[in-house]
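So the chains spell out like this:
4 protein chains.
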Amino acid sequence: MSLPAANLDPTFRITRSSHVVLSVKDLAASKQFYGEVLGLILTAEDDSTLYFRGVEEACHHSLVLRKGSKPACARIGMRMFTETDLDKGKAYFAAQGCETAWVDVAHQGRTLHVTDPVGTPLEFCATMPVQPRMITQFRALRGGCALRLDHYQILTPEVRKAAEFYMGMGFRLTEYIAPAGTFDLRGVFLQRKGNPHDIVFFNGTGPRLHHFAFLAPEVHHLLHACDVAGELGYGFDVERGPGRHGPGHALFVYFRDPDGHRVELFNTHYQVMDIENEPAGWDPADHKVSFPWGMPARESWYLEATDFEGADVREPRVKPTPLTLEKFLPQRTAGN
Amino acid sequence: MSLPAANLDPTFRITRSSHVVLSVKDLAASKQFYGEVLGLILTAEDDSTLYFRGVEEACHHSLVLRKGSKPACARIGMRMFTETDLDKGKAYFAAQGCETAWVDVAHQGRTLHVTDPVGTPLEFCATMPVQPRMITQFRALRGGCALRLDHYQILTPEVRKAAEFYMGMGFRLTEYIAPAGTFDLRGVFLQRKGNPHDIVFFNGTGPRLHHFAFLAPEVHHLLHACDVAGELGYGFDVERGPGRHGPGHALFVYFRDPDGHRVELFNTHYQVMDIENEPAGWDPADHKVSFPWGMPARESWYLEATDFEGADVREPRVKPTPLTLEKFLPQRTAGN
Amino acid sequence: MSLPAANLDPTFRITRSSHVVLSVKDLAASKQFYGEVLGLILTAEDDSTLYFRGVEEACHHSLVLRKGSKPACARIGMRMFTETDLDKGKAYFAAQGCETAWVDVAHQGRTLHVTDPVGTPLEFCATMPVQPRMITQFRALRGGCALRLDHYQILTPEVRKAAEFYMGMGFRLTEYIAPAGTFDLRGVFLQRKGNPHDIVFFNGTGPRLHHFAFLAPEVHHLLHACDVAGELGYGFDVERGPGRHGPGHALFVYFRDPDGHRVELFNTHYQVMDIENEPAGWDPADHKVSFPWGMPARESWYLEATDFEGADVREPRVKPTPLTLEKFLPQRTAGN
Amino acid sequence: MSLPAANLDPTFRITRSSHVVLSVKDLAASKQFYGEVLGLILTAEDDSTLYFRGVEEACHHSLVLRKGSKPACARIGMRMFTETDLDKGKAYFAAQGCETAWVDVAHQGRTLHVTDPVGTPLEFCATMPVQPRMITQFRALRGGCALRLDHYQILTPEVRKAAEFYMGMGFRLTEYIAPAGTFDLRGVFLQRKGNPHDIVFFNGTGPRLHHFAFLAPEVHHLLHACDVAGELGYGFDVERGPGRHGPGHALFVYFRDPDGHRVELFNTHYQVMDIENEPAGWDPADHKVSFPWGMPARESWYLEATDFEGADVREPRVKPTPLTLEKFLPQRTAGN
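Those protein sequences? They're chains A, B, C and D, same order as listed.
Going by my numbering, the residue at position 82 of the first sequence is 82; the numbering climbs one at a time, nothing skipped.
Going by my numbering, the residue at position 215 of the second sequence is 215; the numbering climbs one at a time, nothing skipped.
Going by my numbering, the residue at position 114 of the third sequence is 114; the numbering climbs one at a time, nothing skipped.
Going by my numbering, the residue at position 100 of the fourth sequence is 100; the numbering climbs one at a time, nothing skipped.
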C-alpha cells in the first residue's frame, strides 16, 4: 500500500473550508461564549439562529448556530471558487455516487448539499453577502480575537477512503499518521488553501465532528481567550492546552462550548503550496510529535465528538489506543 | 475608466512569489544581516553566492545573494504549480510579446526567464530541492524569525499596464490606491496565493524594486529584529516602523540591508480568496489609511529603491507627492 | 566634582511615586483618552474631576484630572510608608527650608504639600481608600492595559541640585547623563521603589513636567494602545515610538493627551536594590544609548512640557542641544 | 485567632530573595537545562560548581549548583541592605534563639548563616561582585529569558510559626490561604521587595523546598522555554502549565530540572507597597482561585519537593488534601 495520489488538475476548484452549522440548546449561552471567549463578530441573529464571522472575515458567516433540542452538527461548509465550479462539482459528485442537492440557504449564494463517501454532510457555495472586515476596529476585538475559520477535524472509521476521495478532487495531503514503516493511515491532513489543512480525518467512531478551528493572531490571544473563559465560568471547558502541536508547530487551545462542541483556537500555520512538498508522516506512538512537551490530552479529547445530524455512526476496525492523560499519569512520575 | 478585470480561468497557474536574487558588495556583511537580524536560515553558500530560506520554508531558497560590484536586483522569482504550467506559461508570455528564455539555475528546477511589459525581470520555476522546515528547531531561531517570503513591491511609471498584465494571467486585485472617486491607479496590490499580495506596483521612477517582504510570526519578533539590528550597528537602518499598515492591518518594520536593499518584516495577513471580495480602494491623501498612527515615512522610503540589472528606468507621468516625514514635521506640532 | 551620595539611612521613608494631578480643558475627551487608549480604570468622577487608577492598582487614584481653563500640572504625588514617616518628613523638609503645609485632599489620607528646592510642587500621603485590583477582570481591560504609575520626568535648570536633594532623603541614583568623563549632570534617574526610577530630572527650561509614565504588561499592549489611539483620531498624538530605551532596555511609546500632557507607556523594568549597584552613566551624545535603533525623537519631545501651576520657569545655564529628528533627517540618508 | 501583625519598623533591613544553592548530580545536564531552557547567564564555573544569574541581574549569582551525590538544597539566600543591617540581623536572630554563624562564601560579601524557627537554612549577605546586566545583549537571550530570581516556596508543617517569624522582622503578608472564615493558615505569601512574595510557606511535609521562581519578561518567553525543553528531551519535565495563577494573575510554568528540583518561570507581578493593602485570603477549596481555567496540578506538584541538607522533616498536623489532577479526572467530564 502507498499514499493516495492527489489529482493536480481537478475539474472544479474548491478553495477553502468556510463555515460550520451547529445545533445548540441555549442561544444566549452560545452567543456569550463565541462572542466573548472566541471573540467572533455577530453578523446577524434572529429567534432561532446566530451568524458569526471571524474578525478579519468579509464573508457573512463562518459559524451558524441554530437553536435545537440536542447538540449536533448539521453540515460543514466549503467554498467553490465560481458558480461554474459549483456546477462542475455537482456533476463530479454525482458521478462518484454521492447524494447531491441544490438548496436555498439564507445569506449564501446557490448552495449544493453533498454527502461524502464516509458520510460527512457537506455544503458548498461560491458566494455570501459581503461584510466589513473588523480587523482594524481595534475596540471591537474580544477574547481570542478569532480571525477566520481554518479547518475541521472529522472522526471516521474509513480514513483511507476519505483521503482517496478528497485527494481525488484536488486536496493535497500535508501530514499523515500511520504506524512507523506503514501506510496504514490513522490520520490525514488535507488542504486546498495552501496551509496544512482544510479538513482532517482521524480514525475513530464516526463520522463525527471532532472539532472546528479558528486562527488567532498571536499566542497572547489564546491565553486571553482562556482568561475570559475562566472569568465567565467556562474554566473547566478549557479541555486541552495551551500546548504545542508537533510537526505543524502551531500553539493551540481546545475549548468545549456550552453544548460540548469542541472548538480549537491556534496561531500561525506554515504554507504548503509547492509541488515538491511531500507529506510528512508520523507514528501515533511517537509522543515527541504528539505532545512535544507537557502531558497528553485527556481521554475526552480523543473520544468525545459531535454527531452529524442523521449520520449513521460506525466503529473503526482498529480501535484507537492513544496515550491519554488518564493512562499517562500513573505511568510517569514527573521529574524522574 | 474602471478597474481592470481579473481572469478567473487562466491557462496556467502561478502559485506564489518565491525568491529574489540580489547583488551585494560584501557577502560577510549580508550573511550576518540576513542571518542575525532577519533570522533567515542559510541553506548553502559558496565563494560568490549565499542561499537563504525562511524558517518555515521547505524550498531551497527564497533569497539569493550574489557578490557583485554594485547593489542591484537580478530577478524576482515566482512559482508555477507544475512543469506543465511552466510550458503553458511560456506560450502565453510569448503570445503577449514578452521576452522569454529557458535557463539553467542552480538549485532550481527548469527555469523560465520572462520580462514583464513594464520591464520587471521575472523568473519562474515549478520545483526546488526540498530542505527541512526549521520552525520546530527552536534553538535555531534568530532575530525576526522570518518565516517565508511573502511579496515584492515594484516602482513603475506604468501601474495600470502592470495591473492589466498580471490580472490578465490570474492575479486578483485586493487593494488599490487612486485619488478619491477615480480609477487613476497609483498603487495596486495583486495576489495569487490568497492573501493581500504577491506583487505590488506603485507609481514611481522604475522599474525598480522598492522592497521584498518576509512574514514574521508575532509582533515581538519584529521588535527583536530591531534590537538585534541595533546591537550589530544597524540601528540607523531601521528605516521605518514599527508601525501599522492601514487596510491590511499588518504591523511592519522596514530595514535597509548593508547594500541599501529594503526588506520588510511584517506579521499576520488577512485571507482573500472568495470571489465576492471586491478590491478596497484608498486615496493616497488619506493619512488615516497610510499611517493610522505616528508619523509618515521619511522621503528615502518613498524615493530610494534597488535598480534591476539592465532595466531602463523611466519617470512617471504624475510625480508622486507623498506626505513625507520631512514635509510633515514643520507642518505639525505634536500635541496640538 | 563627583556624583552626590545617597543617604542610606533617611529618617523617613518615601516608598514610591504615586499620583499626578493635572488640569485639562475637556473632561470628556480626557476620559475617553485615558480610559480607552491607556486603559486606566475610572474610580470616581464628578462634574469637575476624574479619578483614574491603573489596572492592578489598589489605591484610589494615580491620575487626577481637574477641569481647568488651561493645561497645567498642579502636583506630583508620592507615598510615605506610614503616618509617622509623614510627620518626620515634614520636619525634615522644613529644616531644609522647603515650604510645607498640611492639606485636606479628597480620597487621600492626611496630605503634606511640599515644594522641592528646584520648584517642583509635591504632595505626600500614607494612605488612600482601597479599591479592587482589576487585573483579573479580563473583560475590563482596554487599550494599553496600563498597570500602575511608575515615574515622572521633570525638566529643570538645576539637575545637580535636584539630585542632591532627593539623594539626601534616600533616593538612589540608578543612571545619569553627563558628557563623557565628567559629572556635569544633564539627567538623573532617582528611585526609592527598587526599579530604575521614581523621578527623573533632565536639564531644560523648568521646572516643568516632561511626562509621567505607566507600566504596561507586554509589548503588544503598547501597540494596541497605538491602534486604539489611531482609531479614536489620536494617531498624530503618538509622538515617539514604539522604540527601545537604551540602558533601561524598556520598550516605550509616548503619547500627547488631548491637552498636550505627555504620558509614556512602557514595559518591563530591571530591579535595582543591591548596595553594590553603581549608577550607570552615559554621554548625551552617544546615540547608540539614546536611540539604539530607528530615529531620534522629534524636537517637540525635547522641548515641550507641562507647566506646574504657579511655578516660576527658568532657562538652563547650558542649553540642551539634542540630536532631534529635525536635525537628523538632513544629515543622514537611510541605507548609507 | 487572627493574622499575625507585620513589624513595620524592623531594626534591620532584608531587601529581597537573592540566591539558591542546590546539589545536582550531573553538572553538564544542569548547565544545559538552566542555560538553554531557563535562559540563565553562566557567570562562572569550576569542576564542582556552576554560578548562574538572571539576564538582567548585576549580582554574581542567583543560582548556585554544586556537584553532589544526591539532589538537595543547601541554603536559600536573601539580601540585607547594608553591612550594618547584617550585624543588626545577627543580633536579632540570636535573640530569637536561631543558630547563626559568619561564614566565608565564594563570590559573596560577608555571609551570615541562620536557621529559621521552622528549620529553613538561610544565608544573608549585603554584597556580591558586580556583573554586567545582559538584558540589552539581545543575541545572548535564550529559552525563557529568565530575568531575575523572585521568590521561594517552602513546605512546612508550621505555617503560622513561619509567618510570625518573618512578619516579626518586617516581611508583609500579601496573600494567605485558609479555610473560609478562619485564620487556620495553610499558605502564606510574604514579601520585602514590594511585590507579592519573596518567600511563601505552604502546609506540608517539611521543611522542604517546593520551588524557586524566576521572572520572565513576556508570555511568549514562557512558551519558548517549553519549546526548548521539548527540543532537548525535557518535554515530560514541563510539570504544570502554562497556566494562570488566581489572585496574583501571573502566567506560570513549572519545570522539573534534571535532578527533580522544581523551578517556576512566570511573568508580571503586581506591586504591593502601600500600608493600606490588606492581605488577600482565599479558601484552598475554591478552585476558581487555585486554577481559574484548565485542570488542577498533578499530585507530584503538590507532594514532591527538594530536601534541605541536614534538615529534619516532619509531617503536618492537617494533611493537605488538594484537588489533584488524578482526583479531578474521574470526577469531571469535559464539556459537561
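Source of the hints: derived by calculation from the structure; they are not laboratory data.
Heads up, a few of these hints could be off.
For identical chains, the list gives no copy identity; a pair is met inside one copy or between any two copies.
As the list claims (entries may be wrong) - Pairs of lysine-lysine, DSBU-like flavour, derived with a Cα cap of 30 Å:
#, residue 1, residue 2
1, Lys88, Lys70
2, Lys327, Lys288
3, Lys25, Lys288
4, Lys90, Lys288
5, Lys161, Lys319
List of violated hint numbers, smallest to largest: Violated: hints 1, 4.
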